[in-house]
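Starting from the known structure of chain A, fit chain B onto it as the hints suggest.
In case you want the letters, here they are:
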Amino acid sequence: MAGIVSFGAYVPLYRLGREHLASTWGGSAAPGEKSVANADEDSITMGVEAATDCIRKFPKDSVDGIYFASTSPPYIEKQSASIIAAALDLREDILTADFANSMRAGTNALRAALDTVAAGSAKNILVVVSENRIPAPNSEYEPLFGDGAAAFLVGNEGVTVQVEGVQSITSEFMDLWKLPRERFQRTWEDRFVVEEGYLKIIPQAVAAFLKKSGLTVKDFNKAVFYGPDARRHGDIAKKLGVDPKTQVQDPMFDRLGNTGCAFALMMLVAALEEAKAGDRLLFVSYGDGCDVFSLKAGDNIKTAQDIRGIKKHLESKALLPNYGKYVRFRELMEWEADRRPADTSALTVLWRERNQILRFHGSKCNVCGTIQYPLQRVCAQCQAKDDYEEIRLADKIGDLFTFSMDVRAMVKDLPNVMAIVDFEIGGRFYCILTDRDPDKVEVGMKVEMTFRNLHDGSGIHNYYWKARPIRC
Amino acid sequence: MESIKDKVAIVGMGCSQFGELWNKDAEDLVIEAAYEAYADAGVGSNDIQAAWVGTQKGSTAAGTLVSPLKLKSIPVTRVENACGTGHEALRNACYGLASKSFDLVLALGVEKLKDAGFGGLGAAIGVDKWHPTVGYGTTPPGRYALAATRYFYKYGLSREEGKRTLAKISVKSHHNGARNPRAHLRREITVEQAMNAPIIAWPLGLFDACGVTDGAAAAIMCRTEDAKKYRKDYVTFKGFGAASGPGMGKILTSYDYTWWDETEFAAQQAYEQAGIKDPRAELDTVELHDCFSIAELVATESLYLCPRGKYRENIDAGTFHQEGEIPINLSGGLKSFGHPIGASGCRETYEIYKQLQGKADLPSRQLKNPRLGLAHNQGGHPGKFVCNITIVGLP
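Residue numbers (the numbering used here), protein chains in the order written: chain A, 15 to 486; chain B, 742 to 1136.
Rather than coming from a laboratory, the hints here were simulated on the basis of the structure. Ideal Cβ positions, reconstructed from N, Cα and C, are used throughout, including at glycine. Careful: at least some of the hints might be erroneous.
Chain B residues, not near chain A, derived (Cβ > 10 Å throughout) [unchecked claim]:
hint	residue
1	Gln758
2	Asn787
3	Ala791
4	Glu821
5	Asn833
6	Ser842
7	Asp967
8	Asp1002
9	Lys1018
10	Lys1051
11	Glu1064
Derived Cβ-Cβ restraints for the label pairs, each shown as a range [to be verified]:
hint	chain 1	residue 1	chain 2	residue 2	range
12	A	Arg406	B	Phe859	30 to 40 Å
13	A	Gly458	B	Gln1009	41 to 51 Å
14	A	Leu346	B	Ala857	49 to 59 Å
15	B	Lys1051	A	Arg354	53 to 63 Å
16	B	Tyr836	A	Asp107	51 to 61 Å
17	A	Ser42	B	Ala857	42 to 52 Å
Bound-form chain A, shown alone (with noise of 0.2 Å):
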């Protein structure tokens, strides 16, 4: 039957404390941090790295197709999941789609995974669930929305997480929604939004649920629900009538922040990563209707339990230094007019080098063995000429043969780590160095490779990958 396979988390490095919100825009401050992206990153960057953790013991080939939800993808008109997929370096002859719109497109992704696995028409599909949104500043959202991914193989195979029940109510009310031209969330009065809204439909829909399931709230170990704050998430609690100190998963609103579509699913990464087997979790996520599932771990949910997922990337954190820091992030200001020319792209580059750059492929000589990055069609050290296979670089570890920090170049993110880096298996990358602390970059420090988002020249999101310390 068609279940979780595995699962894994991202959680950006950096966090703003909400004291540094209240301090530029007056007010008290809300307890703790809120995650924040790095300025390299975007939806598909970390959807990238939660894919990663999800599926490092799985071999890629045995994916058989990406479903990508987001409420912020880098592009509205262009697919983010075969950018993902490239990433991923999976196979071509897979089953790519988005889904978008909507606080609930995570479960409406990983509910079509394990509709399209019980058809049969795949073995195995990579759910990834990614947000980034950019809160208006000084706004009730500004403090509360935080950035990450999760992601979710579901297969019939190896199943560590059994899905007992699901069930899905459509709603057309309307709570929070956005214009194309808009850049920020509108909503309406905060009254009706929540207690019209969402503590109305959860209670229903998770009571049609049970009475259909024939189980009761006190069957389950965990309830994992969406909450849009941490005061209406624990009214939630009461409504369903679990036990908010030991039924209730911990939303994670002072270390992580709301993190939309991805949120819920954050939410149960966590909670899989406590989980012992024969636990039972309800799960629940909200927008637009609701998704509640009945899950059960597995005798082998150990085995899946080895990733870095929430907890190792929510203790692996740097708290930016003051609020210009995430301003100059996520672009909030218009800034003074750069005297020096434009970033620019190619789409011709892009394409014909996509097994270089997004696959991060060099190429490993068959006469020699000599690794090369990027790719050499004759070879650097014996010269033997288009002789070599192709072999990815992005999980090699390396380390920091030396670095430079630019602190005049073009970059968001000052200074700009410049890094050369020798893979333990051979090969050396030219690259930027992100995630980084400049008082802690030293030569032969460690480093693991990380897909980013390096400039938008030419209004194309040209990604690549970087080097970092190596994260948890």
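Frame of chain A, contents of chain B only:
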């Protein structure tokens, strides 16, 4: 393969004022350098049979050189090899004479940089094919700083010791440049100033970087047997070295960033042609490519002017100062004299030409009886250089 030694002579040279020349364009610089060289050789535009012009940013040979000088419709070749452009013009002009295709030629390097509207050269200028992602974000100081970081690490210099060693190079360059009337940056600096200057690309700071400069330099050349027609104190080419590396420094792990391979290969060629066995003992003056302080350090070692890894001890001992064993960048170098990209190779040669003639503009700058000098000019970046070396001397 024959050596070029003593086959071709320089009979006139000119060099424009270097600096941020807001009121001069490339045409003005070309005219200034060429007409000084004409006067020095006692010739005019109509005597020139062929020319080579080096510029990175300029237009065609016609637009850059022929148009401002109103040369007749003669063969003129534009050459470009990033920051190594100037020597390309000189070397190719020399071969044109040696082949006896021409009898009197002009080689000129020029660059007008200060119409850009920003400091520095911008990202990844002219040294690699443009690419939307590979090498993105890199800048000239960022690339050279890779060498400094690794040099410090390899030779166990603390950040403070490394920065201090580099600072001493810049102090020397500014000391020399301050006394050179045509130099761009004519201000003495102290080690502390250099060490505490704002960082450009760690570990390199403001005073580790050369000026971004407008300027031009020119040479009138003929075969040596004709040289006496123009002047008694001509100088001759003793050897050329030219090495374009395959540029695998960012690809092969064997490259270690503390050595310029292309400089070593070019030096071997040039020393062999010139018959030099012990460059440190035989050369009287050296102008080398110091776009950054670390570039001077590594080039000095790669030219065998100092044992590998021993630069610090040598600069501390004053080896490379005017009074030292082997004066380096007596002109002020690219650092202080300035670095108009296409002009620098010709400008380095101009300094040596004048020193060999005993005609340094100020007596205090004049070396005692120099006979042999080396100019080193390179384009690209650590791991991917084109290097040109020109050795000139008294006949």
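Going down the list of hints, with the structure as the test:
1. Gln758: 25 Å, holds
2. Asn787: 41 Å, holds
3. Ala791: The claim stands: Ala791 (chain B) keeps its Cβ more than 10 Å from every Cβ of chain A (closest is about 35 Å).
4. Glu821: 19 Å, holds
5. Asn833: 27 Å, holds
6. Ser842: 34 Å, holds
7. Asp967: 44 Å, holds
8. Asp1002: Nearest chain A Cβ is 13 Å from Asp1002 (chain B), so the label holds.
9. Lys1018: Nearest chain A Cβ is 33 Å from Lys1018 (chain B), so the label holds.
10. Lys1051: At about 20 Å from chain A, Lys1051 (chain B) clears the 10 Å cut-off, so the statement holds.
11. Glu1064: 34 Å, holds
12. A:Arg406 / B:Phe859: 30 to 40 Å: 39 Å, holds
13. A:Gly458 / B:Gln1009: 41 to 51 Å: 33 Å, violated
14. A:Leu346 / B:Ala857: 49 to 59 Å: 29 Å, violated
15. B:Lys1051 / A:Arg354: 53 to 63 Å: 39 Å, violated
16. B:Tyr836 / A:Asp107: 51 to 61 Å: 58 Å, holds
17. A:Ser42 / B:Ala857: 42 to 52 Å: 49 Å, holds
Violated hints, listed in ascending order, are 13, 14, 15; each of the other numbered hints is respected by the structure.
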